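**Q** Residue numbers (the numbering used here), protein chains in the order written: chain G, 1 to 259; chain E, 1 to 321.
FYI, nobody ran anything at the bench for these hints, they're computed from the structure. All of these numbers come straight from a predicted model, not from anything done at the bench. Every residue gets a Cβ at the ideal spot worked out from N, C-alpha and C, and that includes glycine. It cannot be assumed that every hint is accurate.
[Claimed, not checked] Lysine-lysine pairs mimicking DSSO-like chemistry, simulated, CA-CA at most 27 Å apart:
#1 G:31 / G:198
#2 E:259 / G:257
#3 G:248 / E:227
#4 E:143 / G:145
#5 G:145 / G:157
#6 G:248 / G:2
#7 G:145 / E:199
[To be verified] Not the full set, but computed from the structure, chain G residues with beta-carbon under 10 Å of chain E:
#8 51
#9 53
#10 107
#11 109
#12 164
#13 230
So the chains spell out like this:
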Amino acid sequence: MKVVVCVKQIPDPADPGALDPETRTLKRDVKLILDESDSYGVEMALQLVDAAGDGEVHLVSMAPNNERSGLSTALAMGAASATLVSDPELVGSDALTTAKILAAAIKEHSPDLVIAGSESSDGYTGTVPEQIAGVLDLPSVTAAKEVEVDGSSLKVKRQTDAGYDDVECSMPAVISVTAGVVEPRYPSFKGIMAAKSKPVDEKATADLGFAADQVGWDGSGQEIVDVVDAPAREAGEVIEDDGEAHLKIVEFLDNLKVL
Amino acid sequence: MTLDTIWVYAEANDGELSSTTQELLTKARDLADTVAVVYAGDGDDIAEAAGSFGAETVYATGDLDDALVGVPVAAAIAAAVDAGDGPDAVLLGTSYDGRDVAARLSVKLDRTVITNVVDVEVDDDTLVGTEPIFGGATNIKTKFTGEGPFICLVRPKSFEAEASDGDEADVEDLDVPDLGNAGGATVTSRFAEESDGPKLDEAGIVVSGGRGLGEADKFDMVVSLAKQLGGAAGASRAIVDSGWVPYSQQVGQTGKVVKPNVYIAAGISGATQHLVGMKGSKNIIAINKDPEAPIFGVADLGIVGDVHKVMPALIEALENR
């Protein structure tokens, strides 16, 4: 079974950086890491391939400056190879364009299954996996919390507001997984060393058949027209617990007449 | 300045519109002359409810035979647009199904989607969406530059819902074209998690727990306090990812947006991921042992202390009242 996992390399969420006032895009000059949301997809892909008994996991990532530190993490976890799409023309691409680019890179590998995180931890549009499915004209199940391959179809528990749905889906298919769906493994030392020699296929926009005006700011159907500070919330009273702080909470709730 | 027509993707339960759908319809009335809804199901079920929030028409797909709704609903809307019967804009709530429909529709129509919108306005003949970034510290305004229909995914609780006293909406069929290969996902059964008390995103009081609880069992304290206060229990992403609490209880950027009267954060540091989901609460109480925790920056009452001492004492004090 061949599984392609979409991985995003993002600035460390603990230090998310800033918006570039010129380009109005996230500053990406910091070192990028593997989006934790995607580590679940990588782990799930590795487990499914293991369970199938054969096959491999290929990664697809679109990132600025040929950044590959996040890819290296995923390769060290056990993925076999990767496609890295990087091109200055891609700056400003919207989610739909991103999906088209990723879909083109995925298509070259004719996978049985495509896995992505439900949403990235920086942009969190949450639409790219389903858009990839749309571009590839494949069925899809988003918000998967359990996935099992059963012959040529998938059995998925899909998160819902009320609980979950059991979903059956024909393959090839695209799924997006929720965080916490599996326990991502830590790369072993051996894995880290092996990752250094795994093939990473670098591609520019044109290699995937796109013209410059189809991607980036030109290809995106939106433009940022304003950036404003949101009204800040004022901090209130902060007290140190002296063993009686719970009474302060009771008083606070009492004053709100909610008790 | 208004658009001619907006369609709202309606989600409903037993004939009752979801609160997000009500919010979107309320806003859509300000933005367009004509408001209609798209519904995956029998249109008669929601015609009265949709009308009472100002929708003139329910475009209904009818029974979808348990297909996941993203593919068929998007295909049906796209077919209407291609036939020249489509709207100027489609508003959808940020929900599991809303996202699927919006994403599929964007591919079908080759139009961008503006996501995580918390406000939307008409500018000339296009729409401008406001989206919070960096945990809500900054808002960006994004304008559609191409042709419509404009597709907006709007976060729950962005607007106040207000009924319009409109008449029952007309019901029209929205034909679903042949879906081909993409229509291969079907729901075989549905499970609802048992929960008593109010729903997390509708509760007047929410008590949430985070990593500071130390271990999964301690989440029981959060549940007890929520129950005592007649509220709902929520959780930070950290403990949902750790498997202590189901994802349906997650409050944050990923997860539910809550705006209760009272929000009590127990052992939650206040990562931006969490703050964006709860900082619209009217009154916020935070208990955390780290005085530097960002949660104190938004709390009306902050207790620097050990949740394992403060929470049991609070629960006992409330019991004795």
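**Q** Please go over all the hints and tell whether each is borne out by the structure.
**A** Evaluated hints:
no. : hint          : in the structure
1   : G:31 / G:198  : 21 Å, holds
2   : E:259 / G:257 : 18 Å, holds
3   : G:248 / E:227 : 20 Å, holds
4   : E:143 / G:145 : 34 Å, violated
5   : G:145 / G:157 : 6 Å, holds
6   : G:248 / G:2   : 59 Å, violated
7   : G:145 / E:199 : 21 Å, holds
8   : 51            : 20 Å, violated
9   : 53            : 24 Å, violated
10  : 107           : 14 Å, violated
11  : 109           : 18 Å, violated
12  : 164           : 5 Å, holds
13  : 230           : 5 Å, holds
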